[in-house]
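Student: Those protein sequence lines, which keep their order, are chains G, X and C.
Residue 44 in numbering that gives the first Met the number 0 sits at position 45 of the first sequence; the count goes up by one each step and never skips.
Residue 324 in numbering that gives the first Met the number 0 sits at position 325 of the second sequence; the count goes up by one each step and never skips.
Residue 196 in numbering that gives the first Met the number 0 sits at position 197 of the third sequence; the count goes up by one each step and never skips.
Be aware that a few hints might be false.
As the list claims (entries may be wrong) - On the chain X side, residues computed to face chain C include the following (Cβ under 8 Å):
| # | residue |
| --- | --- |
| 1 | Asn112 |
| 2 | Leu130 |
| 3 | Trp134 |
| 4 | Ser173 |
| 5 | Val199 |
| 6 | Tyr308 |
| 7 | Asp309 |
What the hints assert, rightly or not - Taking lysine-lysine and the DSS-like style, the derived pairs with C-alpha atoms no more than 25 Å apart in a straight line are:
| # | chain 1 | residue 1 | chain 2 | residue 2 |
| --- | --- | --- | --- | --- |
| 8 | X | Lys317 | G | Lys110 |
| 9 | X | Lys139 | X | Lys69 |
| 10 | G | Lys35 | X | Lys69 |
Just so you know, these hints were derived from the structure itself, not from any lab.
Everything numeric in this text was worked out from a predicted model, so none of it was measured.
All residues carry an ideal CB built from backbone N, CA and C; glycine is no exception.
Now for the letters of each chain:
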Amino acid sequence: MLENYFSVLIFILIGVAMGVAPLVLGRLVAPHRPDKEKNSPYECGFDAFEDARLPFDVRFYLVALLFIIFDLETAFFFPWAVVLDKIGWFGFGAMMIFLGLLVIGFIYEWKKGALEWE
Amino acid sequence: MLDAIVALIIILIKIIVIVVPLLGAVAYLTLAERKVIGFMQGRIGPNRVNILGLRGMGQPIADGLKLVFKEIIVPSEANSYLFIIAPIVTIAPALAAWAVIPFNHGWVLANVNAGVLFVFALSSLGVYGILIAGWASNSKYAFFGALRSAAQVVSYEIAMGFALVVVLIAARSSNLQDIILAQQGGLWHWYWLPLLPMFVVFWIAGVAETNRLPFDMAEGEAEIVAGFHVEYSGISFAIFFLAEYANMILIAALTSIFFFGGWLSPFEGIPVLGTLFGWVPGIIWFLAKTAFFSVLFIWLRATFPRYRYDQIMRLGWKVLIPVTIVWIVVTSLAVELHVGPWFS
Amino acid sequence: MYNWLTDCVFYVAAALLVVSSLLVITSRNPVRSVLFLVLCFFCSSILWMLLEAEFLALVLIFVYVGAVMTLFLFVVMMLHIDLEKLKTNFVRYLPIGALIVLGMIGLMGYIIAPEHFSLLAPAHHGADYSNIKELGTALYTHYVYPFELAAVILIVAIISAISLAHRGPRGRKSQDVPSQLNIQRNDRVRLVDVPAEKKE
Numbered sequence: 000m001l002e003n004y005f006s007v008l009i010f011i012l013i014g015v016a017m018g019v020a021p022l023v024l025g026r027l028v029a030p031h032r033p034d035k036e037k038n039s040p041y042e043c044g045f046d047a048f049e050d051a052r053l054p055f056d057v058r059f060y061l062v063a064l065l066f067i068i069f070d071l072e073t074a075f076f077f078p079w080a081v082v083l084d085k086i087g088w089f090g091f092g093a094m095m096i097f098l099g100l101l102v103i104g105f106i107y108e109w110k111k112g113a114l115e116w117e
Numbered sequence: 000m001l002d003a004i005v006a007l008i009i010i011l012i013k014i015i016v017i018v019v020p021l022l023g024a025v026a027y028l029t030l031a032e033r034k035v036i037g038f039m040q041g042r043i044g045p046n047r048v049n050i051l052g053l054r055g056m057g058q059p060i061a062d063g064l065k066l067v068f069k070e071i072i073v074p075s076e077a078n079s080y081l082f083i084i085a086p087i088v089t090i091a092p093a094l095a096a097w098a099v100i101p102f103n104h105g106w107v108l109a110n111v112n113a114g115v116l117f118v119f120a121l122s123s124l125g126v127y128g129i130l131i132a133g134w135a136s137n138s139k140y141a142f143f144g145a146l147r148s149a150a151q152v153v154s155y156e157i158a159m160g161f162a163l164v165v166v167l168i169a170a171r172s173s174n175l176q177d178i179i180l181a182q183q184g185g186l187w188h189w190y191w192l193p194l195l196p197m198f199v200v201f202w203i204a205g206v207a208e209t210n211r212l213p214f215d216m217a218e219g220e221a222e223i224v225a226g227f228h229v230e231y232s233g234i235s236f237a238i239f240f241l242a243e244y245a246n247m248i249l250i251a252a253l254t255s256i257f258f259f260g261g262w263l264s265p266f267e268g269i270p271v272l273g274t275l276f277g278w279v280p281g282i283i284w285f286l287a288k289t290a291f292f293s294v295l296f297i298w299l300r301a302t303f304p305r306y307r308y309d310q311i312m313r314l315g316w317k318v319l320i321p322v323t324i325v326w327i328v329v330t331s332l333a334v335e336l337h338v339g340p341w342f343s
Numbered sequence: 000m001y002n003w004l005t006d007c008v009f010y011v012a013a014a015l016l017v018v019s020s021l022l023v024i025t026s027r028n029p030v031r032s033v034l035f036l037v038l039c040f041f042c043s044s045i046l047w048m049l050l051e052a053e054f055l056a057l058v059l060i061f062v063y064v065g066a067v068m069t070l071f072l073f074v075v076m077m078l079h080i081d082l083e084k085l086k087t088n089f090v091r092y093l094p095i096g097a098l099i100v101l102g103m104i105g106l107m108g109y110i111i112a113p114e115h116f117s118l119l120a121p122a123h124h125g126a127d128y129s130n131i132k133e134l135g136t137a138l139y140t141h142y143v144y145p146f147e148l149a150a151v152i153l154i155v156a157i158i159s160a161i162s163l164a165h166r167g168p169r170g171r172k173s174q175d176v177p178s179q180l181n182i183q184r185n186d187r188v189r190l191v192d193v194p195a196e197k198k199e
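Extracted from the complex, chain G is given alone in its bound form (with noise of 0.2 Å):
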């Protein structure tokens, strides 16, 4: 098992390699004019007049808090589906309650309105 994660953690490094390797070399053949017009960042013409970074919509942060819940429940069902056929009707049973209050608290979610967007 682990000869294969070997293999997979070598090809991790390559991809970082793969990125770093580009950069190296633009840094090396590239030109390197900084300017003080061409290195401000982008606003359609203008001197940029406040911190790009705003505060942003509250939403965001409620997709991201329920993503959270739902790649638990992804977690729980990886192990479930591939033993399905052992565990037999118990475990189908149990996840199907499992399941049940994962969508008791999807509908509660859909009836607040937390899946609305304008």
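Knowing the structure of chain G, use the given hints to seat chains X and C on it.
Tutor: Okay, now just chains X and C, sitting in the frame of chain G:
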């Protein structure tokens, strides 16, 4: 010690054998995109840079060379470290996911039992490159693009995860090779038929995850002028571009593995055609299916207008997730009851 | 697998873990500390993988790195954390903080002490050993009660997330798709007979 070095070199050679053709495919997918869209819109597309008399075939090479020789601009307001790291964080997972992709029976770098989980885990890292790039640029357009796109990507991640769960239920394994082997028996045994809604959900979620049209809110060139990578130039921009196309090919490959039988021949079990095409190696089928779905990305781009943001979020949360939840129940019931030719 | 190679990976990952967790608490930029925390999770994932807990290692990546850290990044980007303001009460809260840290160190020392925690190396398994299958067969049969409890906790989490972060409707003009789809031709189009004008 020596045998370890030999093993390491063998792993490295295998990785190079995967990565080099992959990067070639990525480069020529950009050309294919321009050509296909050109033809769909009654234009010719790039036709000036010729190789061996083939018009336009040198275009990706010319583009790459041009981008290498362009200045890498780091905006004065940006967080320079994070600004440089963002493209690396984007491309590394896009490439590393290929470690577990089986190209033919036994032709896989790492035959891991948790292959599906590995791919899913890596695809959940895609949001980092976007968020870091958008925040580090310290530009309004980049920041808004990153926010929109991050919320979109995480929303579709859920639908994609649930669709994968259904595939696992049907195949009873999370090893990508076993998933393909479970679909053996010809065109009608591939999972696109019993899991048709999941195929559609997975495909839509895949298009949304890669920020391709009609879900390209991250870029939205008409409103936020390219979104999270508006401040990137030269090769640092090219890395984002490469990662996007590598992700497209990855989603295409995953679709063909999960729903279209990977390396399996479509003519398996059909009397005359089965023997007629019996000599074709599995990798050809796999590459053909992957190529088809890669072109489907381009086709979608040429066909559909961009979604509005509230429509994107509505589709992800209110349509795709309920569909997947229903299909989880249906498929697990079918497996428990051993229904039909697929789950017996 | 060569033992020295796994040792090598272990020491590199562990050292990186310690360094990056130090950087989490020392870096001045909150976004950077979140990213170092991501690196921490990566290194611990490698360590878990070395213990052959492949499912948990991957879940650590897609739940913690993929979801929880994304939320952290959102929060850190959204709130403008003023570090100077945070530092003003540093001395005042120092005794309480020190007390909590001491308590936690004591607790961890107690839990990780050898009598509660055996340091036996896990058995090595062959390539066809599936961690997920083992986990699945245990979780949904033997540990079904805690599993259902997890569902209840998750539904509490959904409700609390909505009550914390949802601001309710704000005069929005959202699209009502079913009514758009169910629209009949007669609701929108009215055919009118216009008598043709006669020339002459």
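Student: Indicate, hint by hint, whether the structure satisfies it.
Tutor: Tested hints:
| no. | hint | verdict |
| --- | --- | --- |
| 1 | Asn112 | 4 Å, holds |
| 2 | Leu130 | 5 Å, holds |
| 3 | Trp134 | 6 Å, holds |
| 4 | Ser173 | 6 Å, holds |
| 5 | Val199 | 18 Å, violated |
| 6 | Tyr308 | 11 Å, violated |
| 7 | Asp309 | 7 Å, holds |
| 8 | X:Lys317 with G:Lys110 | 11 Å, holds |
| 9 | X:Lys139 with X:Lys69 | 24 Å, holds |
| 10 | G:Lys35 with X:Lys69 | 18 Å, holds |
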